[in-house]
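Engineer: Which chain is which? The protein sequence lines are A, B and C, in order. Position one of the first sequence corresponds to residue 1 (the numbering used here), numbered consecutively onward. Position one of the second sequence corresponds to residue 1 (the numbering used here), numbered consecutively onward. Position one of the third sequence corresponds to residue 1 (the numbering used here), numbered consecutively onward.
Misleading hints may appear alongside valid ones.
[As the list claims (entries may be wrong)] Within a straight-line C-alpha distance of at most 25 Å, the following computed BS3-like cross-link-like pairs (lysine-lysine) qualify:
no., chain 1, residue 1, chain 2, residue 2
1, B, 319, A, 235
2, B, 319, C, 146
3, C, 63, C, 150
4, C, 146, B, 192
5, B, 212, C, 10
[Said to hold, decoys possible] Residues of chain A placed beyond 10 Å of chain C at every Cβ, according to the derived structure:
no., residue
6, 44
7, 72
8, 92
9, 108
10, 109
11, 134
12, 153
13, 182
14, 186
15, 187
16, 198
17, 210
18, 212
[What the hints assert, rightly or not] What follows is a set of in silico ranges between Cβ atoms, one per label pair, in the way DEER data are often shown:
no., chain 1, residue 1, chain 2, residue 2, range
19, B, 41, C, 196, 33 to 43 Å
20, A, 203, C, 14, 54 to 64 Å
21, B, 344, A, 299, 55 to 65 Å
Just so you know, these hints were derived from the structure itself, not from any lab. Since the structure is predicted, the reported quantities are computational estimates derived from the model, not experimental observations. C-beta: ideal position from N, C-alpha, C; glycine also.
Chain by chain, the residues run as shown.
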Amino acid sequence: MSILNVKVADVEQVTDVVKHFTLVQENGEPLPHFSGGSHVVVSMNINGRIHRNPYSLMGSTANTDSYHISVRKQENSRGGSVFMHEQVKPGSRLQITYPVNLFAISKMGRRHILIAGGIGITPFMSQIADLNRLGYDYELHYAYRSPENAAFREQLEAMCGNRVHFYVESEGGRLDIPDLLSHQPLGTHVYICGPDPMVKALHINARELGWPENHVHSEEFTAPPIGDEFKVQLKQSGVELVVPGDMSMLEAMEEAGIDAPFLCRGGACGRCEQQVLECDGVIMHNDHYLSDAEKASGNSIMPCVSRAKCSRLVLDF
Amino acid sequence: MNTQFKQETFRDDYTYTNSAEAIRRFPFPFAEDEYMYSVNIEMHGEGTGAAGSVFEHGIDVDEHYIAECEDRRIVLDEDPDRYTALPHMMDAQWDMVELMMDSLSKDYPEHFQLQKDGDNWHWVNKPLGIDQTFVFGDEATLPMQPFEYISRQVQGDWIILDQRDDDLFADMGMVTSQADWSMAFDAGMSFKEWHGPVPQANEIGIFDRALKYLLHLQYGSPVRRLNWTMTINPRLDTSPENYPFWGPDNASVTPENVGDKVYLRVELQALFRLPRSNAIAFSVRGYLISLNELITYPRWGKRLHRVLKQLHPDLSEYKGLDNYRQTVIDFLAPLDDGADLGLGTHPE
Amino acid sequence: MERGYWIRSKPLYDSLVWRQFATGHVVVAQGDGGLAVLKLFQQMCPREPIKLLFADDKSASKKYADIIQTLVPEGLQICESEQAALAALKEQLPDCLMGTQFYVAGSEEFIWAVLEVLKEYGVQDNNVAKELCGTLARSVYCVHCKTISKDVHFSIHECDGCRRHLFVRDHFSRRLGAYMGVMVDAEEPGNIPAKEEIYP
Chain A
1 MSILNVKVAD
11 VEQVTDVVKH
21 FTLVQENGEP
31 LPHFSGGSHV
41 VVSMNINGRI
51 HRNPYSLMGS
61 TANTDSYHIS
71 VRKQENSRGG
81 SVFMHEQVKP
91 GSRLQITYPV
101 NLFAISKMGR
111 RHILIAGGIG
121 ITPFMSQIAD
131 LNRLGYDYEL
141 HYAYRSPENA
151 AFREQLEAMC
161 GNRVHFYVES
171 EGGRLDIPDL
181 LSHQPLGTHV
191 YICGPDPMVK
201 ALHINARELG
211 WPENHVHSEE
221 FTAPPIGDEF
231 KVQLKQSGVE
241 LVVPGDMSML
251 EAMEEAGIDA
261 PFLCRGGACG
271 RCEQQVLECD
281 GVIMHNDHYL
291 SDAEKASGNS
301 IMPCVSRAKC
311 SRLVLDF
Chain B
1 MNTQFKQETF
11 RDDYTYTNSA
21 EAIRRFPFPF
31 AEDEYMYSVN
41 IEMHGEGTGA
51 AGSVFEHGID
61 VDEHYIAECE
71 DRRIVLDEDP
81 DRYTALPHMM
91 DAQWDMVELM
101 MDSLSKDYPE
111 HFQLQKDGDN
121 WHWVNKPLGI
131 DQTFVFGDEA
141 TLPMQPFEYI
151 SRQVQGDWII
161 LDQRDDDLFA
171 DMGMVTSQAD
181 WSMAFDAGMS
191 FKEWHGPVPQ
201 ANEIGIFDRA
211 LKYLLHLQYG
221 SPVRRLNWTM
231 TINPRLDTSP
241 ENYPFWGPDN
251 ASVTPENVGD
261 KVYLRVELQA
271 LFRLPRSNAI
281 AFSVRGYLIS
291 LNELITYPRW
301 GKRLHRVLKQ
311 LHPDLSEYKG
321 LDNYRQTVID
331 FLAPLDDGAD
341 LGLGTHPE
Chain C
1 MERGYWIRSK
11 PLYDSLVWRQ
21 FATGHVVVAQ
31 GDGGLAVLKL
41 FQQMCPREPI
51 KLLFADDKSA
61 SKKYADIIQT
71 LVPEGLQICE
81 SEQAALAALK
91 EQLPDCLMGT
101 QFYVAGSEEF
111 IWAVLEVLKE
121 YGVQDNNVAK
131 ELCGTLARSV
141 YCVHCKTISK
151 DVHFSIHECD
161 GCRRHLFVRD
171 HFSRRLGAYM
181 GVMVDAEEPG
191 NIPAKEEIYP
């Protein structure tokens, strides 16, 4: 996997809990081009342990002198976002992957409805740059908790004009998703990024209104949840390892020097899928990739976010 | 690299030949005596191939460059539909201009030069005598669509796949030297619709896995694989469109002419993720070598003999070899002493 | 190269069934597609508004317009011809909302003509219910001269454009609405297999 070495050029406090980081390539060259909706995975060395978190690229897709990511501080997380907020300063050096897009605009769509909840606004910042450039018909609906959480509002007003609608919960603003979906012309696609219940609700609403599945797009990265310690045996590699409670299985494999595949590290893309040969307990699936039936069958697992409650898990790797 | 570009033809009088150097670097595909259809993907691009090999650079330019571009021009004059681009592929068109101009100018600076001043680009292609200034992103500043413009200046076919709905769609292509498939017909097809004809592969789930792999292909990490077939005469345009013209050649092989007339055709297939469009560029670069050229390396002659002898009948039919396969086997048999060749594709 | 293999691009057709979730329903049918319409309206009708566009076809085994008229009280529009049905559909589409379910029944040629109209409005063929009725005749695209011969019942087919004898592959282009035809005697000119009615 190709890696980019970057330096933090600027850090901006956007709201109480959101910081915006400007990254430039260490060698001074422009960064690779990307498409709206892409993310990069940022590697952080936290007390000798490597954390890797995905963050959406925000800036204009036309200007790649720098990349822009925003991080919401998650107090109860395993430390990635806290590290970004507290340790990363202008001049800090980080490693990021090349951009990956799991949340692209469907070019066959005739109209595009974008729905953001809170920090879920970030992937739309670059999508809007693309939509404006291509002259596509779109609307952005952005819901957030209170005026203090209105990250990027002014920027969005400038970019989107009358295409953007804000919903401020503390002021009684409410986004009525079923109403929004029920009067869209044929060929409309809807995209959502936000808290899990909001994403689930949109999928249910769209289905009940008869929207085809492939017109409904969502991006949701799950942070690897904390859980119990368990043992994993990698059959082909001939390695046995322990996954501590505060580490994902993928991280534990990497720590043990295993070159395991990954892309999004948030249970969305399926790249890290591993075949399960044996499990004497229960697999705790936390991904958005496997179907319910696949999860129930217990034949595969996404080690980036999923764990097991068992004494022994054997993977065909 | 000091390439002497050859004047030669891929039709009518068929003056195409390989120099000793071109034979030595030929991408012989058989590492074992038995051939099985497989996806066999490996990394491609900078640092993934030996110096001088066809894998040294992302886009290989060899002694046949000028002649292949000329053959493409002839095909397009007769049938402009060999170039197809659906309207939503404009970002991908510019991605291709960047990919091709960047890699040619970086890898072959003695032949190709590119200067960028913001979006104002200046492109020089010495072998084809092209000197063009244009504005990147502004179609009106090029004499034709951006992808058609640049793909007329590279060897091999290029198919650009749009990614949506967890699938890949063949929504753009420059296809003038294909082994029996039609861009005009297949335009807009999904990955499986388009690969449908390969026997056995569907059944064993190869395409499901390959598709999943490709959906995750990353920008900056291109991959490649080799595929092969055989062709009568050094003909690049073995399209279904022109099958009435080249089909009769399949019945023209005799024990007397087999060494000159039958060519092993190896396709170097490379896949590149494109940055702005998130599409995938699929390049299919064909290398042709006559049996007489091939057997200048006895190891290759023996290997090909064994592969053809054991080839599954379905694959033989699919690749269109049935009319002449036995003649080729009979030609190669006396050269095969049965010695253990070991693993590997190397010539000696 | 051209014979025998089962090719996955051949479309699948099914029986029309009302879809459970919808904001409206639009049914377009022609000729023997009338039978699919009759079967559809025997099922419990959905609550959402229904629009039915139907055209009889001279070559169909039966006329269905009269009986459909007695069965479908509201939203029915009988069209004079296939072309009129496609035109009526085009008029409907600007007012249709996301969630409208589309159902098409008739010959394969008609089905793909309807899907072509729907595509312009961003409706993808895989989201449309399709039932193939009556004739199995195919549209065949000659890969050599690019003519599309319609209503083809026989393989081998003599191309309407270049008169070459075409073997019809099971390879289907949704964009062209046609199967690929490839010259059958290219390797041995004149060696043409007997033609058989395989798409009655």
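Engineer: Confirm or reject each hint.
Structural biologist: Against the structure, the hints:
1. B/319 x A/235: violated (38 Å)
2. B/319 x C/146: holds (24 Å)
3. C/63 x C/150: The hint holds at about 22 Å.
4. C/146 x B/192: holds (23 Å)
5. B/212 x C/10: holds (22 Å)
6. 44: holds (42 Å)
7. 72: Holds, since 32 Å exceeds 10 Å.
8. 92: holds (45 Å)
9. 108: Check fails; 7 Å does not lie beyond 10 Å.
10. 109: Label violated. Min Cβ-Cβ 6 Å, cutoff 10 Å.
11. 134: Fine: 15 Å to the nearest Cβ keeps residue 134 of chain A off the interface.
12. 153: holds (28 Å)
13. 182: Violated: least Cβ distance 7 Å, not greater than 10 Å.
14. 186: violated (4 Å)
15. 187: At roughly 2 Å from the nearest Cβ of chain C, residue 187 of chain A sits no farther out than 10 Å, so the non-interface label is violated.
16. 198: holds (19 Å)
17. 210: With a cut-off of 10 Å, residue 210 of chain A comes too close to chain C, as the shortest Cβ separation is near 4 Å.
18. 212: The claim breaks: residue 212 of chain A does not keep its Cβ more than 10 Å from every Cβ of chain C (closest is about 4 Å).
19. B/41 x C/196: 33 to 43 Å: Once the Cβ atoms are compared, 42 Å apart, the range 33 to 43 Å for residue 196 of chain C and residue 41 of chain B holds.
20. A/203 x C/14: 54 to 64 Å: Cβ of residue 203 of chain A to Cβ of residue 14 of chain C: about 25 Å, so the range 54 to 64 Å is violated.
21. B/344 x A/299: 55 to 65 Å: Taking Cβ atoms as reference, residue 344 of chain B and residue 299 of chain A lie about 36 Å apart, which means the hint is violated.
This entry does not satisfy hints 1, 9, 10, 13, 14, 15, 17, 18, 20, 21, going by the numbered hints stated previously.
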